[in-house]
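Protein chains: 2
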Amino acid sequence: MITGKNLIGYKLSGEGLDTFKSYNPHLEKENPTVFFDASLSEIEEAVLLASKAFQQYQFFTAEQKLKFFQALENEMLEAKKSILTCYQLESGLPLSRSESEFSRTIAQIQQYSKLFDSNQLILPSIDTAIYDTHQPKSDIRKIKVGLGPVVVFGASNFPLAYSTLGGDTVAALAAGCSVIVKSHPMHAGTGELVGNAIIKALKYAEMPEGVFSNLNGFSNNVGACLVNHPMIKAVAFTGSIKGGRALFDLAARRKEPIPVFAEMGSLNPVVIDNLSLLKNMNKWTDDLADSVTNDAGQFCTKPGLIFIKSGQNVDEFVQMLISKVKEKGFKMMVHPRLKGNFENQLDDLSKILNIERHKLHSSSVVMPIAINISGSLFLTHRIFQEEVFGPFCFVIICKDDAELIQCIESLDGQLTASIFVEDEFQNESIVKQWISIFYNKSGRINFNNVPTGVRVCGSMHHGGPYPASSDSRFGAVGVDSIERFLRPLCFQNFPDALLPDLLKDKNPLNVLRRVNGELSFAEIIR
Amino acid sequence: MITGKNLIGYKLSGEGLDTFKSYNPHLEKENPTVFFDASLSEIEEAVLLASKAFQQYQFFTAEQKLKFFQALENEMLEAKKSILTCYQLESGLPLSRSESEFSRTIAQIQQYSKLFDSNQLILPSIDTAIYDTHQPKSDIRKIKVGLGPVVVFGASNFPLAYSTLGGDTVAALAAGCSVIVKSHPMHAGTGELVGNAIIKALKYAEMPEGVFSNLNGFSNNVGACLVNHPMIKAVAFTGSIKGGRALFDLAARRKEPIPVFAEMGSLNPVVIDNLSLLKNMNKWTDDLADSVTNDAGQFCTKPGLIFIKSGQNVDEFVQMLISKVKEKGFKMMVHPRLKGNFENQLDDLSKILNIERHKLHSSSVVMPIAINISGSLFLTHRIFQEEVFGPFCFVIICKDDAELIQCIESLDGQLTASIFVEDEFQNESIVKQWISIFYNKSGRINFNNVPTGVRVCGSMHHGGPYPASSDSRFGAVGVDSIERFLRPLCFQNFPDALLPDLLKDKNPLNVLRRVNGELSFAEIIR
Chain A
1478 MITGKNLIGY KLSGEGLDTF KSYNPHLEKE NPTVFFDASL SEIEEAVLLA SKAFQQYQFF
1538 TAEQKLKFFQ ALENEMLEAK KSILTCYQLE SGLPLSRSES EFSRTIAQIQ QYSKLFDSNQ
1598 LILPSIDTAI YDTHQPKSDI RKIKVGLGPV VVFGASNFPL AYSTLGGDTV AALAAGCSVI
1658 VKSHPMHAGT GELVGNAIIK ALKYAEMPEG VFSNLNGFSN NVGACLVNHP MIKAVAFTGS
1718 IKGGRALFDL AARRKEPIPV FAEMGSLNPV VIDNLSLLKN MNKWTDDLAD SVTNDAGQFC
1778 TKPGLIFIKS GQNVDEFVQM LISKVKEKGF KMMVHPRLKG NFENQLDDLS KILNIERHKL
1838 HSSSVVMPIA INISGSLFLT HRIFQEEVFG PFCFVIICKD DAELIQCIES LDGQLTASIF
1898 VEDEFQNESI VKQWISIFYN KSGRINFNNV PTGVRVCGSM HHGGPYPASS DSRFGAVGVD
1958 SIERFLRPLC FQNFPDALLP DLLKDKNPLN VLRRVNGELS FAEIIR
Chain B
1478 MITGKNLIGY KLSGEGLDTF KSYNPHLEKE NPTVFFDASL SEIEEAVLLA SKAFQQYQFF
1538 TAEQKLKFFQ ALENEMLEAK KSILTCYQLE SGLPLSRSES EFSRTIAQIQ QYSKLFDSNQ
1598 LILPSIDTAI YDTHQPKSDI RKIKVGLGPV VVFGASNFPL AYSTLGGDTV AALAAGCSVI
1658 VKSHPMHAGT GELVGNAIIK ALKYAEMPEG VFSNLNGFSN NVGACLVNHP MIKAVAFTGS
1718 IKGGRALFDL AARRKEPIPV FAEMGSLNPV VIDNLSLLKN MNKWTDDLAD SVTNDAGQFC
1778 TKPGLIFIKS GQNVDEFVQM LISKVKEKGF KMMVHPRLKG NFENQLDDLS KILNIERHKL
1838 HSSSVVMPIA INISGSLFLT HRIFQEEVFG PFCFVIICKD DAELIQCIES LDGQLTASIF
1898 VEDEFQNESI VKQWISIFYN KSGRINFNNV PTGVRVCGSM HHGGPYPASS DSRFGAVGVD
1958 SIERFLRPLC FQNFPDALLP DLLKDKNPLN VLRRVNGELS FAEIIR
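Protein sequence lines correspond, in order, to chains A and B.
Residues are numbered in the numbering used here as their position in the first sequence, beginning at 1, plus a constant of 1477.
Residues are numbered in the numbering used here as their position in the second sequence, beginning at 1, plus a constant of 1477.
Calculated from the structure, these hints are not laboratory results.
Fair warning: this is a prediction, and the values are worked out from it, not measured in the lab.
Zero decoy hints are in this set.
Copies of one chain are not kept apart here, so a pair can be met inside one copy or by any two copies together.
Straight-line alpha carbon distances no greater than 25 Å define the calculated DMTMM-like cross-link-like pairs of lysine to aspartate or glutamate that follow:
#1 K1981 <-> E1899
#2 K1557 <-> E1507
#3 K1614 <-> D1767
#4 K1614 <-> E1901
#5 K1719 <-> E1733
The whole structure should be built from the sequences, with the hints applied where relevant.
What follows is the structure, encoded as structure tokens:
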């Protein structure tokens, strides 16, 4: 049963006076459960618990964390049916999406379980003492440890994989941090059910109360209070530039500034080589139309700008793409608020472009659309570089190579950039020029691949130069995303008995270590 | 010859109207050279050059960078005599210090040369494609690349090892970033000479102009303009909390916020186990008195707070330590400005503590001092937790274990924390409690070692929770400090020919890579 209350450690609490309901886009009406915004005292209680729990949890072994993570997986599978049912009630996303997102959520837990199992999460580093009589050097050893309690903001467009037990939460938990989730109000019920599964797993694995709490908040104040709390040591967010930047600014103005990893806006530019169209027109328009419209285009990696130089077959390509996007037909958006934003942005663009638009009489459904504009028009106004979250893209037809280069050089930082070129043209110097421009503007460059469908693996990078993310040095997908929540800690001249096991002379955990600069499983002889 | 001009790429330029001179603390008078603050147009020119140079330099191979770094080493050795002579004219630090700092500067260059030579600077990661018909996965590969042009602020207390070609500069250059140094005005001549050596090395290794520039600035405006410039992508700073925080705030308020790694204030608390005094009183008081007063205590790792529980031998220990600190005699400070700050802080403390002080009639020389206070007094006022930069420490005598715990729990983030305990008492639970408190408050915990004399090695961590540094996830010493200036870049489904060599199928550089989660030198078979 969904109570609408906050999960504060193992307690349910709904003291707040502000309430809200989630919305069913299919039925176009509110769901019945009343959710309680966390009150100031509830926030305080959750943070204190998280801080206390962190003091213990951070010292837990990989074996203990593995037990916890396996329990997370089990409890999620146990609750799968009720979670997916609620997901459907609270989101306009299709059933298939809820299934695939659930699988991804499980896969994200498993990737850390695997590292716990093989004890490969941290690479310890050891430089042994040098007993030179002139310049003796002390024994120096280093591991990484968790930053402290982390606040994770649930994402509107990923009720599972980037919310309550999404990529940010599991990375922070794997790092040894306690986590407070500020649940996304659009799917607060789903959040509560996932939160219940986490609490069960914590209890099963005998973890201290407070390693996880789930707070509701329709008001931005809940999140702001959390980010401002002195005991909070890091923040993870997925959403708009406006939202992410506001949190970043709050965190930077604290007495003790804390890191905010905000994965924000991206236009995910695509460059199509027009010489390659003949062989690929059908496949590429299929792939791109899918990528633009899939799940109503509500992906941070949705291609929003498709560039091509004018030439033979180009008009045909553009018309084919525009048609295929339109033919996808009505798409239901996650929530009316996102639908409203989408319509407003398209209204603004239509005015500028002198296009007539007919609004649909639905609170949730939108019509996919691709619009072609010239490269010279694209360069005139920054509005064409504002992300439109939904099933929309611009196709920008440039008059020559130089204009196309000018267009992509005008772009801000991006999560991804994609290049579509047939094999035989891949060594053209213009292709290398596109790559070298995207090299400094994006976190991932795709070749003949659409940017959506992010593979969850160690080599993936999901982040990019600002405003794609608030710190281009970190990403939000794959095991390396744990680095956001870890800091080095160094032990000098320590007696073996007092060192963490990862650093002990005999290497009792049999972990790979960097010893005097070389990777080794060897024991240390003092 | 020192010109006093700015090094903008390969050009000498002194257009600015504001000028200054450096100061000779030994002679208590200004040096003759007139230095020119960089003008706005000079700053613009240096940044444009740095940005252009970065576009080329970032793609240079490890082999090319090795040639450059070896040339850096050679040119520095070539210029050693003139650099050390100037160092002596511009700083109150002793000759032995300039020698050891020079050696450290060379060692810092060499640590990267070694990694270039073995091509171990970056660990590439590859996840190969999965051709499963249900859920095919693309080939994903990742390296790290430089952030872009970096501004490095020279440190007052390290004219060599943390200035023009100090740890920050070599880390940024190793990362593939171009560097603009905002030279510290106290040793601007030393900076120019080191800058000349860098320019010679760049020319020898045929690097593009603009990989390095050296700008003078007595005014804070020079640094502020650099940090605010949209083409600058990261900042490194070593100095006061006030200075570091000001740069952090500037960078956070930019349209595109950029990372600032500021290594700032630290009190470097030391806890002495009073049961261990009998065997160690002499050695420990010797070590601590040296650590507090060495080079006039002008180290970020100088122990500023020494805690001990009252008990047998404690009074004797405290008196012995206070005497030994005083017996070190007059110490010359780097610069009259630092001497002035030191005297002012001691005046303030003396008033609060009702101690009489006699000021010395010197612009440069100070008298080392250790002052004992009670734990209860320490807890009453935050002024006792303000860093006093110079040969000074508090010895805090706590009435019991609980008060000592309360004292160290009241501390902010620290670069280091040290514990002195005789072998036989190391397993006492109180020792473990001290360690667990310092675990979350410091970047390095020392055991029976003073915190000064930072060993430059891969396992060292020089950084810590705020305000020790502005981002506890990074450090400023050792090869891992390069992470401050690198970001991941991912290549999806790329043809082999267009991949960076580090990621090519045949592993042509024979570099260790993470392939499908396992470390390997193997070729990739597609």
